[in-house]
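Chemist: Below are the chains, spelled out letter by letter.
Number of protein chains: 2
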Amino acid sequence: MAKKVPHRLYLTEDQMPKQWYNLRADMKEKPAPLLNPGTQKPLELEELYPIFCEELAKQELDNTTRYIDIPEEIQDFYKMYRPSPLIRAYNLEKALDTPAKIYYKFEGNNTSGSHKLNSAVAQAYYAKKQGLKGLTTETGAGQWGTALAEACSFYNLPLTVYMVKVSYEQKPFRKTVMETFDAKVIASPSNTTNVGRAILENNPNTGGSLGCAISEAVEKATTTEGYRYVLGSVLNQVVLHQSIIGLESKIAMEMLDEYPDIVIGCAGGGSNLGGLIAPFMQDRLTQKASPRIIAVEPASCPSLTRGKYAYDFCDTGRVTPLAKMYTLGCDFMPSANHAGGLRYHGMSPILSKLYHDGHMEATSVEQTKVFEAAVLFAKQETILPAPESAHAIRTAIDEAILCRETGEAKTILFGLTGTGYFDMTAYNSYLNNSMKDYIPSDEDLQKGFDRLPKVNA
Amino acid sequence: MAKKVPHRLYLTEDQMPKQWYNLRADMKEKPAPLLNPGTQKPLELEELYPIFCEELAKQELDNTTRYIDIPEEIQDFYKMYRPSPLIRAYNLEKALDTPAKIYYKFEGNNTSGSHKLNSAVAQAYYAKKQGLKGLTTETGAGQWGTALAEACSFYNLPLTVYMVKVSYEQKPFRKTVMETFDAKVIASPSNTTNVGRAILENNPNTGGSLGCAISEAVEKATTTEGYRYVLGSVLNQVVLHQSIIGLESKIAMEMLDEYPDIVIGCAGGGSNLGGLIAPFMQDRLTQKASPRIIAVEPASCPSLTRGKYAYDFCDTGRVTPLAKMYTLGCDFMPSANHAGGLRYHGMSPILSKLYHDGHMEATSVEQTKVFEAAVLFAKQETILPAPESAHAIRTAIDEAILCRETGEAKTILFGLTGTGYFDMTAYNSYLNNSMKDYIPSDEDLQKGFDRLPKVNA
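Protein sequence lines correspond, in order, to chains A and B.
The first sequence lines up with residues 1 to 457 when you count with our numbering.
The second sequence lines up with residues 1 to 457 when you count with our numbering.
Derived by calculation from the structure, the hints in this document are not laboratory data.
Don't take every hint at face value.
Calculated lysine to aspartate or glutamate pairs in the EDC-like style (CA-CA distance at most 20 Å, straight line) [stated by the list, open to error]:
1) A:4 <-> B:60
2) A:379 <-> B:73
3) A:94 <-> B:26
4) B:79 <-> B:13
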C-alpha cells in the first residue's frame with residue numbers, strides 16, 4: 001500500500017544527492033570510444049585538453065568510477081534552485097480517467113527554464129577552477145545558453161554563445177536573457193569563424209542547426225587563448241551531471257513507496273533522458289528491477305527510431321571527434337517548421353549503446369500531437385511546458401490512455417524538462433492551426449547516411 | 001541562536017495554511033467603506049451582487065471574521081503550485097558584504113509567473129460554484145490575466161480579458177499564454193464597450209491604463225447575462241486571498257526561529273504587499289511585535305508617497321464604487337516609458353488606511369535603479385525577477401547596505417512576486433542604456449487631484 005502522496009514532494013537539503021552516478025560503470029558493454037577523426041584511433045585524455053577543461057575531459061573518458069563526488073561549491077549552487085519537485089499529476093490522471101499513477105519530475109523552476117543548469121554549473125565551475133579565461137558554446141532553443149550564461153555570470157567567466165539562427169530570430173527575448181547574464185550571443189552560422197563562413201557560402205539562407213553552431217563554438221574555443229568549449233548535451237559528462245535528476249526522483253519515489261513501471265523522457269541529444277533514467281537503468285543493468293524506459297523524439301528529427309548506429313561527427317563542420325551513436329548524418333537539418341528543440345542529428349553515445357543493446361525503447365511523435373498534449377497538460381496541471389518536454393508528456397498520456405483501456409494501474413514517471421514561456425510563437429501557430437507536421441522521407445535520410453564518415457574501427 | 005537555514009524552505013502539504021487571514025478583523029479603525037457613487041452612501045451587500053459573485057461580495061465587506069476557511073477545492077488547487085519557497089539570499093548577502101540576513105518569499109514558480117494565481121483560483125472557484133456563465137477582468141503587465149486564464153480554464157469558465165494596450169503591444173507572448181488557456185484577450189481601450197469608445201474618441205493614441213481596462217471589464221460584465229467582474233488587486237477580498245503568502249512565510253520563519261525586522265513588498269494596487277505583510281501587520285496591530293513594514297512603489301506612479309488619501313473611483317471611466325484610498329486621481333496615466341507593472345492610480349483601501357494610521361512606511365524608486373537591482377539579484381540568486389518584484393529588491397538591497405554601514409545584522413524579508421521572462425523588452429532597454437526615468441511634476445499630479453470626485457462623507 002503506497003503512502004499518501006502529496007501533489008508535490010521536495011527533498012530537504014540533507015536528502016539531496018552528494019554524488020553523481022556514472023551509468024557507464026554498470027554497463028558491461030561500454031559505449032564505443034571517441035575517435036580521433038584523423039587517425040581513427042581512440043582519443044587519449046591529452047587530446048581532449050585543447051577542447052575541454054581537464055576535469056571534464058577526465059569525466060568524459062571515465063567508464064568505471066560509479067559515483068563521483070559533487071564538489072561542495074556545485075552543491076551550494078544546486079541548493080539555490082534545487083531540489084526540483086516530484087509532482088503527482090492528479091488532475092491529468094482525472095482528465096484522462098486513467099487508473100495509471102502519473103508522476104513527473106519538474107526541472108523548469110529556474111531561470112534557464114530547464115534542467116540544463118544542472119550541467120552548466122558543473123562545467124562553469126571546473127573551468128573557473130582551472131583558471132580558464134572564458135568559454136564558448138552553442139544553443140538551440142536557448143535553454144542551454146541561458147543556463148550556461150547564468151552559471152558563467154555567477155563565476156565571473158566570459159561566455160560566447162553561438163545561437164542557432166532560426167531560434168535567434170524566433171526568440172529575441174532568449175538572447176536578452178543571456179545578455180542580462182553578460183553573455184555574448186551570436187547568430188549561427190556567422191562570419192566570425194571559418195566554418196561559419198563556409199556554411200554561409202554554400203547556403204546563405206540556412207536557419208542553422210545545432211551541429212553547425214557546435215562547429216563554430218569549437219573553432220572559436222580552440223583558436224582563442226585560455227578558452228575551452230562546453231556542450232549541454234550528448235557528452236558523457238553531461239549525462240553524468242544530469243544524473244541528479246534521476247537520483248532525486250528515485251529518492252522521492254522511495255519515500256512514497258513507489259517505483260516506476262515506465263520511465264519516459266524526451267530525447268534530443270540525451271541530456272535529460274540520460275539523467276532521468278540513470279538510477280532506473282542501473283536497476284535494469286544490475287537486474288534489481290526492469291522498468292520500461294522510453295525515449296521520445298520528434299518525428300522530424302528521428303535519430304534513434306530511424307537513424308543509423310555508426311561513427312559520425314558531433315557537428316556539421318566535421319571538426320569534432322567521431323562518436324558512435326544513432327545519427328541522421330552530421331549535416332542533417334530538421335525542417336524549419338519544426339518548432340521545439342530536440343533538433344540534434346545524433347544522440348548520446350551512452351544512450352545509443354543502451355538502446356542498441358535493447359535496454360530501452362524509443363518512439364517518435366509528430367509536433368501537432370505534441371502541442372495537443374502540451375495544451376491539455378497546461379490546463380490540467382497549470383504548468384505551460386516547453387515543446388521539448390511535451391514530447392514526453394505526449395507519450396505519458398498515450399501510456400496512461402492504454403492503462404485506461406487495459407485497466408492496469410501502472411506507475412508512470414516522466415521528465416518535465418522545462419517551461420515554454422519563450423516558445424509562444426510555436427504555441428501560437430498551434431492555436432491558429434497553422435502548425436504543420438513534417439516527416440523526412442527515406443530518400444532524405446539516405447542522403448545523410450551516404451555522407452557518414454568511413455570508419456574502419 | 002537561529003537554526004541552520006537551508007537555501008530554500010518548502011512547507012509540507014500538512015503545514016500549509018487551511019484558512020486565510022482577514023487583516024481587517026484586527027484593525028481597530030476599519031478601512032472606510034465603499035460608497036455608491038450616486039448616493040454617496042456605503043454600499044450594501046446586494047448592491048455588489050451585479051458586479052461580484054455572492055461569496056466574494058461577502059468577503060469584500062467582511063470586516064470582522066478573523067480567519068476564513070479555504071475551501072478544499074481551492075486548497076487542492078494551491079497544492080498544484082504551492083507552497084512557494086522561503087529563500088535565504090546567501091549569495092546576495094555575500095555580494096553586498098552585509099551582516100543582514102535577507103529572506104525572500106518567491107511566488108513566481110507557476111505559469112502565471114506571479115502571486116496572482118492565489119486570488120485567481122479563489123475567484124474562479126466561487127464564480128463557478130455560483131453557476132456563473134463567465135467572467136471579465138483586466139490585466140496590465142499580464143500576470144493577473146494569465147493567472148485568471150489558468151484558473152478559469154481549470155474550472156471551464158469562459159473569460160474575457162481587457163489587456164492594457166501598451167502591454168498588449170509590448171508583450172504579444174503574454175496574450176498567447178492566455179489564449180492557450182482559452183481566454184479571449186482584447187486590447188484596452190477597445191471599441192467593444194461604451195467607455196472604451198469614449199476614451200478612444202478623446203485620446204485615440206492612448207496606451208491605456210489599468211483604470212481604463214477596469215472600466216471596460218466592469219461594463220462588459222454588468223451588461224452580459226450571467227457574467228461577473230473580477231479584479232486581481234486593490235480589493236479587500238484579494239488582500240484576504242493573498243494572505244496565504246504571509247501566512248506561509250511566517251510559518252517557515254518560525255521553523256527557522258527567525259522573525260523579520262523589516263518586511264518589504266512592492267506596491268501597485270497592494271495585492272502582494274497586503275498578502276505578504278498580513279500576519280506581521282497582525283503582530284503590530286495586536287502589539288506582539290513591531291516589524292518595520294515598507295511599501296515600495298515606482299517614482300513614476302507614486303500613489304502612497306505623493307497621492308491624496310481621498311475617495312476616488314477605482315477606474316478611469318468612473319463606473320465603479322468609490323473607495324477611500326491613496327490616489328493620484330482615477331485618470332492618472334503613468335508615462336509610457338514606465339516599464340514595469342505597478343501602474344495603478346490608487347491603492348488597496350486596507351493598506352491605505354494602515355499607511356494613513358502610521359502602521360507602515362512607503363518609499364518610491366526610479367526604474368533604472370530598479371533594473372540595476374534586478375540584474376544584480378539575477379546574477380547572484382539566478383532568478384530573473386519581474387520588474388514589479390525588483391522594486392522590493394531595490395529597497396531590500398538598500399536596507400542591507402545600510403546594515404553594512406551600521407553593522408546591524410537585521411533580518412529582512414521581501415516578496416519576490418514573480419519572474420521577468422515576459423519583460424525582456426524592458427530589460428533590453430536597461431541593458432542598452434536607453435531606459436529613462438520619469439517623475440511626474442507637482443503640477444501634473446495636481447491635475448489629477450483637481451478632478452477627484454467631491455464626496456461629503
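Chemist: Of the hints given before, which are not true for this structure?
Modeler: Structure breaks hints 1, 3.
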